[in-house]
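Chemist: Residues 1 to 267 in full-length UniProt numbering are what the sequence shown spells out, letter by letter.
There could be a bad hint or two in this list.
Said to hold, decoys possible - Below, simulated BS3-like cross-link-like pairs (lysine-lysine); rule was C-alpha separation at most 30 Å, straight line:
1. K261 / K140
2. K54 / K140
3. K178 / K140
By construction, these hints were calculated from the structure, which means they are not laboratory data. Every value quoted in this text rests on a predicted model; they were computed, and no experiment measured them.
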Amino acid sequence: MTRLHGASCPHCSGMGLLGSIGLGVAAGVAAAAGVMLGRKAVSTAQVGRGHPLKHRLLDAAAGAMQRKYPLEAMSTYLNGFHFYADDMGRQVEATHFCIHLQHDLHQCVIFDSNRPDARLIGIEYIISEERFRSLPAAEKRLWHSHHYEVRSGTLMAPGIPELAEHAYFKDLVTTYGKTFHTWQVDRDDFPYGIPQLMMGFTGDGQVDPAMVAARDGRLGVSSEQRRRQREDIPMPGPVPGANAWESGRTVQTRLEEMDLKNQAPRR
């Protein structure tokens, strides 16, 4: 995550931190910094494909030397599935990286994979049941419960011991998430359009089994095994107002043209 190519690409404009350093020096700095920090170097072929070698080397050097504290603090890696709030037929695998920001609030960035060249596709906020209960009715319509995702085994934390994962999800099962995807990767290879509200699954037969099987095979995990291991986790009833799509009516974002307020006077 710390070596993802920046959206504004200051290096491509020639104004990056190492923009004045030659190719050989940049490569040497990247290698030396990687050794000093004990980090595994990311191949320049893995990220920034299509960019000149100079830019990829500069990005690698900056990635090794610059600390990204918000990213480094995102210690939890979760993998699950979302669907567009207005179309359950559009389902997307979601790779989350989260930080427990407050006792009742997590914040996550979402990618389409856990590869160095992963695409940033959205964000999710996760809150406690107590916080969710306090929300206005209109706000609750934007949130989904996590009870089924946890108990079904479709939401998981790959790579950590089962006992630790079990304890984590025992707490997460009562939480609620608000998710927006900013890149419709199921349709386009570019982040067109506006953020779309996403939802989570609440029952068997909703998520595409082929998508789950593909994820399980790729990560070397078993959703069915996770389901069995989590049978002792109490299944809470969702608080009314969450999972609004279950009523057959839902909400979704759209563009609306309007007048500009507080416009500065023209000179």
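Chemist: For every hint, state whether the structure bears it out.
Modeler: Going through the hints against the structure:
| no. | hint | in the structure |
| --- | --- | --- |
| 1 | K261 / K140 | holds (28 Å) |
| 2 | K54 / K140 | violated (48 Å) |
| 3 | K178 / K140 | holds (9 Å) |
Checked against the numbered hints given earlier, this structure breaks only hint 2.
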